[in-house]
Amino acid sequence: MSERAAKVTPADDEQDDDQITDSAAPDAVTEDDAAGDDAESPAEPVTTGAESVVRALENAGVEYAFGVQGGAIMPVYDALYDSDIRHVTMAHEQGAAHAADAYGIVSGEPGVCLATSGPGATNLVTGIADADMDSDPMVALTGQVPTEFVGNDAFQETDTTGVTTPVTKDNTFASDSDRVGSDVSEAFALAREGRPGPTLVDLPKDVTNGETDREPDAPTVPDTYQVQERADSEIVDAAAERIENCARPVMLLGGGVIKGEASEACREFAIEHEIPVITTMPGIGAFPEDHELSLEMAGMHGTGYANMAVTHCDTLIGIGTRFDDRLTGGIETFAPDAEVIHVDIDPAEISKNIHADYPLVGDAETVVEQLSEAVDSSPEAKKWRAQCQQWKSDYSMAYDAPEDKPVQPEFVVEALDEATSDRAIVTTGVGQHQMWACQYWTYTEPRTWVSSHGLGAMGYGLPSAIGARLAADDDQEVVCIDGDGSFLMTLQGLSVAVREELDITVAVLNNEYIGMVRQWQDAFFDGRHSASDYGWMPEFDKLAEAFGACGFRIDDYDDVAETIDDAIAYDGPSVIDVHIDPDANVYPMVPSGGDNGQFALTEDQL
Amino acid sequence: MKKGLEGPPPADRPTPAGRRNKQGIRIDPEVEATHEPRRTVISALVTHEPGVLSDVSGLFSRRQFNIESLTVGPTEDEDHARITIVVEEPDPGIDQIEKQLRKLVPVISVRELEPDAMRRELALIKVDASRPDQVAAVAEMYGGKTVDSSPETATIEVTGARQKIEAAIDTFSQFGVREISRTGTTALARGTDRTAASSTAQPADEANYEDQYTHTANDD
Ligand SMILES: Cc1ncc(C[n+]2csc(CCOP(=O)(O)OP(=O)(O)O)c2C)c(N)n1
Chain A
1 MSERAAKVTP ADDEQDDDQI TDSAAPDAVT EDDAAGDDAE SPAEPVTTGA
51 ESVVRALENA GVEYAFGVQG GAIMPVYDAL YDSDIRHVTM AHEQGAAHAA
101 DAYGIVSGEP GVCLATSGPG ATNLVTGIAD ADMDSDPMVA LTGQVPTEFV
151 GNDAFQETDT TGVTTPVTKD NTFASDSDRV GSDVSEAFAL AREGRPGPTL
201 VDLPKDVTNG ETDREPDAPT VPDTYQVQER ADSEIVDAAA ERIENCARPV
251 MLLGGGVIKG EASEACREFA IEHEIPVITT MPGIGAFPED HELSLEMAGM
301 HGTGYANMAV THCDTLIGIG TRFDDRLTGG IETFAPDAEV IHVDIDPAEI
351 SKNIHADYPL VGDAETVVEQ LSEAVDSSPE AKKWRAQCQQ WKSDYSMAYD
401 APEDKPVQPE FVVEALDEAT SDRAIVTTGV GQHQMWACQY WTYTEPRTWV
451 SSHGLGAMGY GLPSAIGARL AADDDQEVVC IDGDGSFLMT LQGLSVAVRE
501 ELDITVAVLN NEYIGMVRQW QDAFFDGRHS ASDYGWMPEF DKLAEAFGAC
551 GFRIDDYDDV AETIDDAIAY DGPSVIDVHI DPDANVYPMV PSGGDNGQFA
601 LTEDQL
Chain B
1 MKKGLEGPPP ADRPTPAGRR NKQGIRIDPE VEATHEPRRT VISALVTHEP
51 GVLSDVSGLF SRRQFNIESL TVGPTEDEDH ARITIVVEEP DPGIDQIEKQ
101 LRKLVPVISV RELEPDAMRR ELALIKVDAS RPDQVAAVAE MYGGKTVDSS
151 PETATIEVTG ARQKIEAAID TFSQFGVREI SRTGTTALAR GTDRTAASST
201 AQPADEANYE DQYTHTANDD
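Heads up: the protein sequence lines correspond to chains A and B, in order.
In terms of the UniProt record's numbering, the first sequence has 395 at position 395, counting the first letter as 1, and numbering is strictly consecutive.
In terms of the UniProt record's numbering, the second sequence has 184 at position 184, counting the first letter as 1, and numbering is strictly consecutive.
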């Protein structure tokens, strides 16, 4: 068996000269031109595999790494000790992976997480799977038992590459101290190239401890990985013609629009041709929700008007979306009159769930620009736009908030939105609160909405707020809208936020239920609340104080605005325990596998 | 305060006329279009390194692709291995298998073979040796070779297309088959046609696509 990477590893400088110049970008690091621009103090040459790993991280521009120490990863941590990379010690590896994931979402650059072998690595898995489902760029580095013990069920051994194969874009078992730095560089390049995703390098202790003087190669993807940037121009022309001649167009923007930095191009295109715009959940922020053309999010808990529009359109321009079932509902009734134009960088997404009549494989920004050039006239869709506006008023998002009832969650979300700037970043757990955070916060900028979409992992909120905080600009507030059940899963991360003095506001929408489950039980299981009643919740404000954070509590409407202002103003982590109406439910709702146009506005309509 | 959600209830809303089938393809609601599964051979050229086979087989089980056989072996280039997979799926599924395989980083190229490709399987068939002459005659009929014989058993090696092997096993069953071991299909494109097309090649255009993929496999 040969080493995959043998091709890009210069065995000795002379012999492999071409390959170096071939694969290495101009910023390749050689011994004379060591890491960084700081020509005056060239970095020390590497002496171990672990140092080469850290050098690869530095070369890739890594600022932060999130992780937890342990036996098998210790050599890497030892090498980090001398590095400028700031390591953020997390309270649990799941948190490390979520923090890295959120860092990747907000910054666009892969977030890095580290864990030791065995339990450290398995604790990362949820976060890796989350990044995989949402195509977030991330690099996970895991310690592994020394090579000679691998396969023997040694202490803290887990087949980490085996366990993570289904949930990584690519993973590598590092087998050579001379190669290990380049393995990490390659993992970096792969994590962000094309359709982003998580990559993993498993690092046996003897490989990181082993001697080497080899500097890692520049981050380059292997030559078997090819990405198509521009879509086939014939199909672009055909799609353009379809757009020019249709009567009921809709643009559906997915997470790929944000990851592909195509928000601006999509905005221009939609506005120029006056095409109504819908987003998926990961696509939130791709188009300003306060714009007239915006119909906001479609799908299970999307707006009624987005679901009417997607159901009745005759031309659906889907960009960077994988047509997840939470969006489509039943396939048979999804946009059933529409010809589908599908833009995606991943050819495997085309016609996977919804057949694409116009498959446009390529980078979202590039393809939207191609389309822009090809479309000569705007569709005659005045009537359709008027219809969409009519639906917007027919099915407007609203809620009752009677004074004599407990605080309604929607009110809290709106109040948080009002108290913060347009660029504030929202992170969430998973459940009803996540849906209210989608529905009642008005997003206007990409990379301000951070959530666990595809995997739907409870516990995502707080650790992702930590990662988001470190990636965000100082003037961007970071607000975590969490559920009591979700918060309980990873709240040990508060210790990290306190230690790192992170300015984060957590609003726990506390209904003493795992509410989304309770809502489904009420709707589909005769109200039998099996294991969804969480009446034993701690007092989160006091718990926050115990961690050294600032605790707040909201019980009625009078407290809302002021308490939120105080919590946002507090310079450090704060937690608001918001006691909301335990019976509040999320509507509209398309039941699982249902027809988007048949969304229910109340429980009796289900 | 605002009023709760309102608007016409589901029953009062217009519904569109169209419909899609399970594969997300728009169909005439009156005639349900179904895609019948067909059997075909997919050949993948991969880098020869540990873990690739499990990447590929894991992909198949994870995505619930219906796999008939999978064989793997080295090629003329020691850095590469070839994986030959026989699948039975409807066309959109076959297309998806190819695309998903292409996504794996160690996969260099993927191709569905033409129906006229050479496909061969090897089987070892161990039968009771009570009627050695007849066993030898059947073996000869299928171009088989006796590779082991004992007073009680004879083991015959047969190679050929799957159908031939099935037929041979059928015929041998009259003697009492004790054990069978089969390799699964391996295949190469005919003539100068390269089995492993370059992975940069785009999928054939639609017309060509239909043409290429709708022949039934006659050799298999
Ligand atoms: C890790 C994990 N376990 C279980 C679930 C299933 N689940 C989905 S929503 C939900 C309820 C979440 O409750 P909570 O965090 O309190 O939020 P709420 O719905 O009350 O706003 C559960 C249990 C999940 N999504 N993730």
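Just so you know, these hints were derived from the structure itself, not from any lab.
Hints may contain errors.
What the hints assert, rightly or not - Straight-line alpha carbon distances no greater than 30 Å define the calculated DSSO-like cross-link-like pairs of lysine-lysine that follow:
| hint | chain 1 | residue 1 | chain 2 | residue 2 |
| --- | --- | --- | --- | --- |
| 1 | A | Lys383 | B | Lys99 |
| 2 | B | Lys99 | B | Lys22 |
| 3 | B | Lys145 | B | Lys164 |
| 4 | B | Lys126 | B | Lys99 |
| 5 | B | Lys164 | A | Lys405 |
| 6 | B | Lys145 | B | Lys126 |
None of these values were measured; they are calculated from a predicted model.
Hint-by-hint comparison with the structure:
Distance hint between Lys383 (chain A) and Lys99 (chain B) is unfulfilled; the C-alpha atoms sit about 40 Å from each other, more than 30 Å. Under the criterion of a C-alpha separation no larger than 30 Å, the hint pairing Lys99 (chain B) with Lys22 (chain B) is consistent with the structure, at around 19 Å. A threshold of 30 Å between alpha carbons decides the hint, and for Lys145 (chain B) with Lys164 (chain B) the separation of about 14 Å falls inside it, so the pair holds. In summary, the hint linking Lys126 (chain B) to Lys99 (chain B) is not supported, as the alpha carbons are separated by about 40 Å, beyond the 30 Å threshold.
As the CA atoms of Lys164 (chain B) and Lys405 (chain A) are separated by approximately 77 Å, the hinted pair breaks the 30 Å bound. Note on Lys145 (chain B) and Lys126 (chain B): the hinted pairing holds, with a Cα-Cα distance of about 12 Å set against a maximum of 30 Å.
This entry does not satisfy hints 1, 4, 5, going by the numbered hints stated previously.
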